[in-house]
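Undergrad: Generate coordinates for the entire structure from the input sequences, incorporating the hints supplied.
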Amino acid sequence: MSNQIPEEVIEDIRKSNDIVDVIGEYVQLKKQGRNYFGLCPFHGEKTPSFSVTQEKQIFHCFGCGKGGNVVTFIMEIESYSFFEAVKHLANRSGVKLPETAIDRENSLSVENQNIISAYEWLTKLYHHLLRYTKDGKDGYRYFRDRGISDETIDEFQLGFAPNIKDFTATFLEKKGFHKQLLVKAGILTLQSDDTVTDRFRGRVIYPIRNHLGKTVAFGGRTITDQGPKYLNSSESDLFHKGKILYNFDLAKKHIRKKSEVILFEGQMDVISAYQAGVKNVVATMGTALTEMQAKLLRRYVDNVIICYDADNAGIEASYKAATLLQSVGCQVKIAKMKDGMDPDNFIQEIGAEAFKTEVIEASDTFMTFYMNYLKKDYNLSLEGDRLQYIENVLKELAKIDSPIEREFYVKELSSEYDLMMDTLLEEIQVYRQKSDTPKDKSEKDRYTNKVQKPYQKRKLLPAFHNAERKLIAYMLQDRTITEKVQEEIGASFNIDEHKIIATHLYAYYEEDNPVDVSLFVERLQEDRLKQLTIELAMLPLYEEISEAEINDYIRIIRTQSNDMANIKQLKDEQRLAEQQQDPVKAAQIAMQILNIKKQVKHE
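Counting in UniProt numbering, the final residue of the sequence shown is number 603, and the numbers go up one at a time with none missing.
The hints are simulated quantities; they were obtained by calculation from the structure and are not laboratory data. Check before you lean on any hint, since a few could be wrong.
As the list claims (entries may be wrong) - Derived DEER-like restraints, expressed as beta-carbon distance ranges: (1) Leu212 to Tyr431: 44 to 52 Å; (2) Gly44 to Tyr431: 54 to 62 Å; (3) Gly44 to Glu391: 55 to 63 Å; (4) Ala288 to Glu11: 41 to 49 Å; (5) Glu316 to Asp401: 26 to 34 Å.
What the hints assert, rightly or not - DMTMM-like mimics (lysine to aspartate or glutamate), calculated; alpha carbons at most 20 Å apart, straight line: (6) Lys229 to Glu151; (7) Lys395 to Asp377; (8) Lys243 to Glu45; (9) Lys279 to Glu353; (10) Lys66 to Asp516.
For glycine and all other residues, C-beta sits at the position ideal for the given N, C-alpha and C.
TA: Below you can see the structure in the form of structure tokens.
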């Protein structure tokens with residue numbers, strides 16, 4: 001699709017979107033040396049192997065091998081066509097696309113495009129009804145009674161669906177939408193007599209947006225006695241309750257800024273907290289936290305505060321969510337909610353400032369929460385239950401790698417139950433030694449927040465192969481080196497992919513293009529060449545390299561090329577000797593070939 005947009009416009013868009021900033025909207029990046037590292041969004045991992053270089057404006061994963069520039073990344077992460085990726089980045093940076101640019105491709109099916117369009121129309125309609133009409137006054141009063149301001153109502157686009165059976169169906173049909181599609185989208189409900197009714201009639205509406213801010217579903221709450229109390233759109237290609245987190249689109253920038261996310265169970269909890277100035281907040285969709293949602297949070301942040309209701313169900317859900325979040329590498333805290341309260345009514349009754357200081361800032365560590373959570377299963381006035389409780393706490397403490405952290409909690413146990421600290425620490429050590437798999441460095445990093453520079457173990461390559469890799473890496477960042485290599489060996493690289501990349505690079509520089517790996521990669525057509533080029537560009541190099549070192553690489557490559565030519569000639573001679581039935585000469589030639597190969601191997 002690049003031919004629909006002038007190259008200079010694409011280049012302007014690419015330069016206007018710093019790759020670290022763009023990828024930072026999807027992955028928590030930490031600087032180490034000259035590059036940034038984070039968890040790869042394209043495959044599951046606990047140890048960061050995903051690298052981004054700001055200087056070269058490229059990314060590469062040492063785990064799964066994916067790599068490219070900022071356009072490539074958006075295409076991969078959003079499943080976008082080239083045009084969609086460029087358009088997304090243009091909108092992000094404020095670069096105007098020419099009117100002649102035509103989008104002939106769309107990653108979404110026509111059906112899903114229509115569903116999003118229907119939700120956009122309804123979001124505006126329901127919000128307008130709530131804010132400005134008599135038909136929406138009951139919904140408006142509901143939100144105002146719950147302390148929600150007009151500004152917040154507008155920001156979250158809260159709405160109201162009139163209690164009229166076919167109001168929504170009639171409105172959307174006039175806009176050209178078919179009933180069958182609206183039923184599939186979860187907007188209308190099909191009755192047993194094949195008629196349809198408005199799914200959310202008589203309810204206040206919470207638009208559910210994806211990470212790009214597009215409404216893909218509704219959450220509806222009754223404000224009368226009709227059941228059920230809460231109702232979501234039915235699941236579809238666009239809406240999966242186990243994948244989406246409510247308010248994630250608005251919260252992303254605040255999550256990155258705070259390096260922390262607060263996880264709620266309900267939409268009103270999120271809205272109240274956001275209005276109170278606590279904006280790094282998201283919520284699940286009325287279901288338990290899923291592994292996919294946990295991994296999504298882990299990509300963005302190390303620290304998660306769970307802020308669920310302070311009843312038995314909320315405490316159980318907090319424990320399950322905390323365990324899941326820890327399993328994907330998050331540091332977890334649990335907010336100190338007053339008994340029987342939920343975050344929304346705490347904010348409304350006690351106040352925003354108290355919520356920040358007494359609930360969020362006073363959060364318990366997971367271990368403190370766990371020690372209290374576990375007590376409910378035991379009668380601690382009984383000696384046997386006390387011993388069992390202590391044993392289970394010690395097993396959990398054994399999972400912690402930090403000796404200081406372990407000792408902190410052991411002191412609490414020692415003081416509370418009058419036990420020797422040394423005895424408790426020895427018992428923990430026994431559990432650690434019995435552990436099936438020793439904690440690796442990646443697990444330790446959950447506590448230290450250190451990012452390890454990942455380099456995937458690869459088999460040892462011959463000297464000429466390494467020389468070619470390093471030489472191309474230097475050529476990618478230095479035009480004069482490329483000109484020298486072109487003059488001395490041209491395309492006489494020994495690895496076919498290296499020959500092709502070098503040939504493309506010669507042509508790229510001859511067209512007077514800038515030294516820019518990101519731009520060069522964009523010009524390559526084959527994915528395998530793009531990936532290899534990115535991999536080579538990410539090799540660690542000296543800032544300055546001497547001419548003697550470059551000459552050494554060229555010598556190794558040329559020697560290999562000559563040796564391969566000699567071997568080919570000798571093989572032809574060997575074949576001729578065999579045809580002439582001269583086994584002695586054929587054997588002598590075979591020994592010559594073997595000696596050359598040995599020499600090559602040891603160079």
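Undergrad: Against this structure, judge whether each hint is valid.
TA: Consistency of the hints with the structure:
1. Leu212 to Tyr431: 44 to 52 Å: 46 Å, holds
2. Gly44 to Tyr431: 54 to 62 Å: Given range 54 to 62 Å: violated, Cβ gap about 28 Å.
3. Gly44 to Glu391: 55 to 63 Å: Given range 55 to 63 Å: violated, Cβ gap about 33 Å.
4. Ala288 to Glu11: 41 to 49 Å: 47 Å, holds
5. Glu316 to Asp401: 26 to 34 Å: 27 Å, holds
6. Lys229 to Glu151: 25 Å, violated
7. Lys395 to Asp377: Given that 20 Å is the threshold and the Cα spacing comes to 16 Å, the pair holds.
8. Lys243 to Glu45: 18 Å, holds
9. Lys279 to Glu353: 14 Å, holds
10. Lys66 to Asp516: 19 Å, holds
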